[in-house]
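Novice: Chains as they are written, first to last, in the working numbering: chain A, 1 to 294; chain B, 1 to 254; chain C, 1 to 314.
It is possible that part of the hints are untrue.
[Stated by the list, open to error] Pairs of lysine-lysine, DSSO-like flavour, derived with a Cα cap of 27 Å:
no.: 1; chain 1: B; residue 1: Lys121; chain 2: C; residue 2: Lys295
no.: 2; chain 1: C; residue 1: Lys295; chain 2: B; residue 2: Lys133
no.: 3; chain 1: B; residue 1: Lys121; chain 2: C; residue 2: Lys183
no.: 4; chain 1: B; residue 1: Lys112; chain 2: C; residue 2: Lys295
no.: 5; chain 1: B; residue 1: Lys126; chain 2: C; residue 2: Lys297
no.: 6; chain 1: B; residue 1: Lys65; chain 2: B; residue 2: Lys32
no.: 7; chain 1: C; residue 1: Lys183; chain 2: B; residue 2: Lys56
no.: 8; chain 1: B; residue 1: Lys121; chain 2: C; residue 2: Lys297
no.: 9; chain 1: C; residue 1: Lys183; chain 2: B; residue 2: Lys125
no.: 10; chain 1: B; residue 1: Lys133; chain 2: C; residue 2: Lys297
no.: 11; chain 1: B; residue 1: Lys202; chain 2: B; residue 2: Lys133
no.: 12; chain 1: B; residue 1: Lys202; chain 2: B; residue 2: Lys125
no.: 13; chain 1: B; residue 1: Lys32; chain 2: B; residue 2: Lys236
no.: 14; chain 1: B; residue 1: Lys56; chain 2: A; residue 2: Lys33
no.: 15; chain 1: B; residue 1: Lys65; chain 2: B; residue 2: Lys202
no.: 16; chain 1: B; residue 1: Lys125; chain 2: C; residue 2: Lys295
no.: 17; chain 1: C; residue 1: Lys183; chain 2: B; residue 2: Lys65
no.: 18; chain 1: C; residue 1: Lys290; chain 2: B; residue 2: Lys112
no.: 19; chain 1: C; residue 1: Lys83; chain 2: A; residue 2: Lys33
no.: 20; chain 1: B; residue 1: Lys112; chain 2: C; residue 2: Lys83
no.: 21; chain 1: B; residue 1: Lys142; chain 2: C; residue 2: Lys295
no.: 22; chain 1: B; residue 1: Lys125; chain 2: C; residue 2: Lys297
no.: 23; chain 1: B; residue 1: Lys7; chain 2: B; residue 2: Lys230
no.: 24; chain 1: B; residue 1: Lys112; chain 2: B; residue 2: Lys133
no.: 25; chain 1: B; residue 1: Lys202; chain 2: B; residue 2: Lys126
no.: 26; chain 1: B; residue 1: Lys56; chain 2: C; residue 2: Lys83
no.: 27; chain 1: A; residue 1: Lys89; chain 2: C; residue 2: Lys290
no.: 28; chain 1: C; residue 1: Lys183; chain 2: A; residue 2: Lys33
no.: 29; chain 1: B; residue 1: Lys7; chain 2: B; residue 2: Lys202
no.: 30; chain 1: B; residue 1: Lys112; chain 2: C; residue 2: Lys297
no.: 31; chain 1: B; residue 1: Lys142; chain 2: B; residue 2: Lys202
no.: 32; chain 1: B; residue 1: Lys126; chain 2: B; residue 2: Lys112
no.: 33; chain 1: B; residue 1: Lys112; chain 2: C; residue 2: Lys183
no.: 34; chain 1: C; residue 1: Lys290; chain 2: A; residue 2: Lys90
no.: 35; chain 1: B; residue 1: Lys126; chain 2: C; residue 2: Lys295
no.: 36; chain 1: C; residue 1: Lys183; chain 2: C; residue 2: Lys83
no.: 37; chain 1: C; residue 1: Lys297; chain 2: B; residue 2: Lys142
no.: 38; chain 1: B; residue 1: Lys126; chain 2: C; residue 2: Lys183
No wet-lab data here; the hints were simulated from the structure. Every value quoted in this text rests on a predicted model; they were computed, and no experiment measured them.
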Amino acid sequence: MVNWAQVFVNSGITGSLYLIGAVGLTLTYGLSKFPNFAHAEFITLGAFFGYIVAEPLGLGLPPSLVVAFLATGLVGLLCYRVIFQPLSKKGATIIHLMVASIALGLVLRYSIGAIWGWEPLYFKTSWPSFDIGMIRITGLWIWLIFVAITLAIIMHLILVHTKIGKAIRATNSNPELALASGINIDRVILVTWFIGAGLAAVAGIFRAANTQIWPMTGWDIILPIFAVAILGGIGNFYGSIVAAFIIGLAENLGVVALMALGLSTSYRIAIAFIILILTLIIRPEGLAMLFRRS
Amino acid sequence: MEEVLLKIEEVSKHFGGVYAVNGISLDITPGKIWGLVGPNGSGKSTLFNTVLGIHKPDEGNIYFKDRCITNLVPHQIYDLGLVYTFQVPRLFQALKVLDNMLVAGRGHQGDKLLFSLFFRKSWQKKEIELAEKAMEILELLKLDHLALSPAGELSGGQRKLLELGKGLMASPTLLLLDEPAAGVNPNLGRSMFERIEDLCQKGLSFFIIEHRLELLFDFAHWVYVMDKGKIVLEGKPQEVAQDPSFFHIYLGDE
Amino acid sequence: MDPLVYVLDFIVLVGIFSIFSLSLNIEFGFAGLANFGKVAFVLIGAYTYTLLSNINVPFYVCLIAGATASAIIGFLVSLPTLKLREDYLAIVVLAFGEILKVIVKSEDWIAGGVWGIPVYPAISVTGSSARLDMVINIALVYFCLFISFFLLQLLANSPYGRVMRAIREDEVAAEALGKNRAKYRAQVFALGSAIAGLGGGLYAQYLQFIDPYMFAPMLTFTIWIMVLLGGPGNNWGALLGAGLVQLFDRGANIVKDYLTLPIDPSNLQYIIYGILIILVLLYRPQGLLKESQVKTKAMESIFNGRGFAKNRRG
Chain A
1 MVNWAQVFVN
11 SGITGSLYLI
21 GAVGLTLTYG
31 LSKFPNFAHA
41 EFITLGAFFG
51 YIVAEPLGLG
61 LPPSLVVAFL
71 ATGLVGLLCY
81 RVIFQPLSKK
91 GATIIHLMVA
101 SIALGLVLRY
111 SIGAIWGWEP
121 LYFKTSWPSF
131 DIGMIRITGL
141 WIWLIFVAIT
151 LAIIMHLILV
161 HTKIGKAIRA
171 TNSNPELALA
181 SGINIDRVIL
191 VTWFIGAGLA
201 AVAGIFRAAN
211 TQIWPMTGWD
221 IILPIFAVAI
231 LGGIGNFYGS
241 IVAAFIIGLA
251 ENLGVVALMA
261 LGLSTSYRIA
271 IAFIILILTL
281 IIRPEGLAML
291 FRRS
Chain B
1 MEEVLLKIEE
11 VSKHFGGVYA
21 VNGISLDITP
31 GKIWGLVGPN
41 GSGKSTLFNT
51 VLGIHKPDEG
61 NIYFKDRCIT
71 NLVPHQIYDL
81 GLVYTFQVPR
91 LFQALKVLDN
101 MLVAGRGHQG
111 DKLLFSLFFR
121 KSWQKKEIEL
131 AEKAMEILEL
141 LKLDHLALSP
151 AGELSGGQRK
161 LLELGKGLMA
171 SPTLLLLDEP
181 AAGVNPNLGR
191 SMFERIEDLC
201 QKGLSFFIIE
211 HRLELLFDFA
221 HWVYVMDKGK
231 IVLEGKPQEV
241 AQDPSFFHIY
251 LGDE
Chain C
1 MDPLVYVLDF
11 IVLVGIFSIF
21 SLSLNIEFGF
31 AGLANFGKVA
41 FVLIGAYTYT
51 LLSNINVPFY
61 VCLIAGATAS
71 AIIGFLVSLP
81 TLKLREDYLA
91 IVVLAFGEIL
101 KVIVKSEDWI
111 AGGVWGIPVY
121 PAISVTGSSA
131 RLDMVINIAL
141 VYFCLFISFF
151 LLQLLANSPY
161 GRVMRAIRED
171 EVAAEALGKN
181 RAKYRAQVFA
191 LGSAIAGLGG
201 GLYAQYLQFI
211 DPYMFAPMLT
221 FTIWIMVLLG
231 GPGNNWGALL
241 GAGLVQLFDR
251 GANIVKDYLT
261 LPIDPSNLQY
271 IIYGILIILV
281 LLYRPQGLLK
291 ESQVKTKAME
301 SIFNGRGFAK
311 NRRG
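Bound-form chain A, shown alone (with noise of 0.2 Å):
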């Protein structure tokens, strides 16, 4: 007897979270031509600078998720700066990057595991859970749609309507064309690094209060989100919404199937890859196709 309406809930939760992940992978990755493979690790740190923000300062969740959105943002931008950007100027290929970027999320891991350990800590506020009809859901599954939904139009209204968001779509689609606009690429790219991390971070919280909070905390989510954001079609911000709500409900659903094939679920990050797979055989560019940014 499977609750498929609490079936469908989850997925829209898994969704979210995979939404705010993605969109800053998604949109690095897309700029600076190369997979960060230390997202994960942006992701991790949200985690711990909001865990610093709401335990023993008790300040709870708000503030939490703008100061991590800050810290880590700005973590981002620094690491773009002082490792990603120095590598392209001296001609680094996409695997230098790549591997800078494991090198790096391998510092960032393991200095978290230096500062905080590596046993998990956990978050220690208790929400209530509501049940309406069939559904259970606790207020913080309720925040992070709610956060999802936010920011996501937040960013929406950002690249259509403000100047710096307009200089990252058309950067996106044609940097020669846009560096002869007179766009400074450089400062959309760090910008863009700065949002990608402080969306990381906020993820990152909802993970880690869903689940616990240790080193791994990104790198526990990465391969969905790496799905998402190739699903998405690589730098599409609008595609990649559309990307995460879908592997969020095949999860759901395969979870489902798990269970009932009486399989283990841990399986369940089987089925992101094999989504990644399908994507790659089938249309590489992911949904990109139907979402034209101008």
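The hints should help you fit chains B and C onto chain A, whose structure is shown.
Specialist: This is chains B and C only, laid out in the frame that chain A set:
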């Protein structure tokens, strides 16, 4: 009826709604030097890239030696004898100049995995043959003294020459050259074209994009003029040069 | 521990890791493929060896089977990305490694799941001492290393090696000159995986026990450091890198035991690895030993014949 080597039939290619190549049709028959000229942005390189399989045409078909090559990929097209050199030279920078040439060589058994490991004697002779041919071409292009230097160390003009060298090395039936004389000093450019003429008499066919009209027009048998993706003029070089619309095309209609 | 055994242990591990390093070198150093999931193919080789040897299959068959299994799976994993840009391969292989770990952990019936499984050594002499066991292992491992190195050098110094490098430098240009890059990528990836699988089998029989936790992504990264540090595209560099990293690892372990540091040494070690890689990429991306050039007998004879020896550079 002369056999047609390369047949381009109503080929169009667009990028994001802009037609770079718009309904081009032309025939290339063997044993001649064919020219393709036109202002910047008229779609000449895109046409060549589409013929070679780097882009897939949105409309139309391409035939080489009566085989439809519209949907083939570059390495298959090379196998048929159609070779292209890039406008901006694409060299293997970390490899020596001689190695760059050897990669272009055709029919080398040593390229295959098993042969390279276990049947080494079988390709050593071919390797020597190809190396000698490569050195001949390099001498022609006055690059022989750089044979053992990394390709990345070459100057701009030398790179163009090496790019041409790779094309010649590939023993093509038809060689598409994209601005071979650009950035090359005038005397060398002229002797380059003289060699091309020699090779043409020996059976190689050439289809050449060139901006150095004074060179191309002295050697080409027939010239196509492209503007904004279409062929707007064609004929023997003297006829084309004397056509009143020719200069308007080049200066751009305002 | 007997100091001699300690040194012999070091020698064995350098040998095994040299095999891993060579396997990545051919993929990345020569062909420009980014394999971020190398550990998965080591794992396949290790588990294949283990399962077969536990049903008394002779060790050399087990090793070959491990290499073959890795090659086949490597080929399959690379299939979806053969015609795509190199970052796609990196993502897919990385993801595959994660999935593989989940499978091994969850399916206890394969090989003890998270509890692991013991492995019989390839050659055991009854009543032998620890030292003799070590020497036997050194012989076995270095024999395999020698064969692998020899084959890979043959490959590097051949037209195939030339084409591999060409595809790495500019795959569009290589395609335009008739080289089917999808085919070359698939072959190189299968070969690299085979060698990794061979190393995995040797690793398993040496440690006499394997569990999924031994095949962590850190192993992949350690192998990358070896290749990057030693010099990508140079098989000697791969060996050098393996030696240096093992040395550093040993040094770190000694430091851990004898020095108290403000930061837990196991964390610090990986932080240093990460920083080291970034510095190498920024300031010496070609590594310690420069990339090797194609040297075939045929070319050598031409140069000597034409008196190139005088003008030769590089």
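Novice: Next, verify each hint and record whether it holds.
Specialist: Hints, one by one, checked against the model:
1. With a C-alpha separation of about 15 Å, the suggested pairing of lysine 121 of chain B with lysine 295 of chain C holds against the 27 Å cut-off.
2. Of the supplied pair hints, the one linking lysine 295 of chain C and lysine 133 of chain B holds, its CA atoms being roughly 18 Å apart against a limit of 27 Å.
3. This hinted pair checks out: lysine 121 of chain B and lysine 183 of chain C have alpha carbons roughly 24 Å apart, not beyond 27 Å.
4. Pair hint lysine 112 of chain B plus lysine 295 of chain C holds up; C-alpha atoms about 17 Å apart against a cutoff of 27 Å.
5. For the proposed pair lysine 126 of chain B and lysine 297 of chain C, the alpha carbon gap of about 12 Å is at most 27 Å, so the pair holds.
6. Between the alpha carbons of lysine 65 of chain B and lysine 32 of chain B the distance comes to roughly 15 Å, so the proposed pair stays at or under 27 Å and holds.
7. This hinted pair checks out: lysine 183 of chain C and lysine 56 of chain B have alpha carbons roughly 21 Å apart, not beyond 27 Å.
8. Straight-line distance between C-alpha atoms of lysine 121 of chain B and lysine 297 of chain C comes to about 10 Å, which keeps the hinted pair within the 27 Å bound.
9. With a C-alpha separation of about 25 Å, the suggested pairing of lysine 183 of chain C with lysine 125 of chain B holds against the 27 Å cut-off.
10. A C-alpha spacing of about 17 Å is found between lysine 133 of chain B and lysine 297 of chain C, which places the hinted pair at or below 27 Å, so the restraint holds.
11. For the hint linking lysine 202 of chain B to lysine 133 of chain B, the alpha-carbon distance of about 16 Å falls within 27 Å, and the restraint holds.
12. Our distance criterion of 27 Å between C-alpha atoms is met by lysine 202 of chain B and lysine 125 of chain B, whose separation comes to about 25 Å.
13. The hinted pair formed by lysine 32 of chain B and lysine 236 of chain B meets the criterion: a straight-line CA distance of about 12 Å does not exceed 27 Å.
14. Only pairs whose Cα atoms come within 27 Å are accepted, and lysine 56 of chain B paired with lysine 33 of chain A is accepted, the gap being roughly 24 Å.
15. Annotation: proposed proximity of lysine 65 of chain B to lysine 202 of chain B holds, straight-line Cα distance about 19 Å (limit 27 Å).
16. Among the hinted pairs, lysine 125 of chain B with lysine 295 of chain C is consistent with the structure: their alpha-carbon atoms are about 15 Å apart, no more than 27 Å.
17. Restraint check for lysine 183 of chain C and lysine 65 of chain B: satisfied, since their Cα atoms lie roughly 26 Å apart, inside the 27 Å limit.
18. Distance check on the hinted pair: lysine 290 of chain C and lysine 112 of chain B sit about 26 Å apart at the alpha-carbon level, within 27 Å; holds.
19. For the given pair, lysine 83 of chain C sits about 17 Å from lysine 33 of chain A by alpha-carbon distance, which is consistent with the 27 Å threshold.
20. For a cut-off of 27 Å, the pair hint linking lysine 112 of chain B to lysine 83 of chain C stands: about 19 Å separates their Cα positions.
21. Between the alpha carbons of lysine 142 of chain B and lysine 295 of chain C the distance comes to roughly 24 Å, so the proposed pair stays at or under 27 Å and holds.
22. This hinted pair checks out: lysine 125 of chain B and lysine 297 of chain C have alpha carbons roughly 10 Å apart, not beyond 27 Å.
23. At most 27 Å may separate the alpha-carbon atoms for a hinted pair to count; lysine 7 of chain B and lysine 230 of chain B meet this at roughly 16 Å.
24. With a C-alpha separation of about 21 Å, the suggested pairing of lysine 112 of chain B with lysine 133 of chain B holds against the 27 Å cut-off.
25. Between lysine 202 of chain B and lysine 126 of chain B the alpha-carbon distance is near 22 Å, which keeps this suggested pair within the 27 Å criterion.
26. About 15 Å separates the Cα atoms of lysine 56 of chain B and lysine 83 of chain C, which keeps this hinted pair within 27 Å; it holds.
27. Of the pairs offered as hints, the one joining lysine 89 of chain A and lysine 290 of chain C holds, with about 22 Å between alpha carbons and a cut-off of 27 Å not exceeded.
28. With a C-alpha separation of about 25 Å, the suggested pair lysine 183 of chain C and lysine 33 of chain A falls inside the 27 Å cut-off, and the hint holds.
29. Pair hint lysine 7 of chain B plus lysine 202 of chain B holds up; C-alpha atoms about 22 Å apart against a cutoff of 27 Å.
30. Between the alpha carbons of lysine 112 of chain B and lysine 297 of chain C the distance comes to roughly 17 Å, so the proposed pair stays at or under 27 Å and holds.
31. Between lysine 142 of chain B and lysine 202 of chain B the alpha-carbon distance is near 21 Å, which keeps this suggested pair within the 27 Å criterion.
32. For the hint linking lysine 126 of chain B to lysine 112 of chain B, the alpha-carbon distance of about 13 Å falls within 27 Å, and the restraint holds.
33. For the given pair, lysine 112 of chain B sits about 10 Å from lysine 183 of chain C by alpha-carbon distance, which is consistent with the 27 Å threshold.
34. Only pairs whose Cα atoms come within 27 Å are accepted, and lysine 290 of chain C paired with lysine 90 of chain A is accepted, the gap being roughly 18 Å.
35. Straight-line distance between C-alpha atoms of lysine 126 of chain B and lysine 295 of chain C comes to about 15 Å, which keeps the hinted pair within the 27 Å bound.
36. Distance restraint check for lysine 183 of chain C and lysine 83 of chain C: the Cα-Cα separation of roughly 9 Å lies within the 27 Å cut-off, and the hinted pair is therefore satisfied.
37. Distance check on the hinted pair: lysine 297 of chain C and lysine 142 of chain B sit about 26 Å apart at the alpha-carbon level, within 27 Å; holds.
38. With a C-alpha separation of about 22 Å, the suggested pair lysine 126 of chain B and lysine 183 of chain C falls inside the 27 Å cut-off, and the hint holds.
Hint violations for this structure: none, all hints satisfied.
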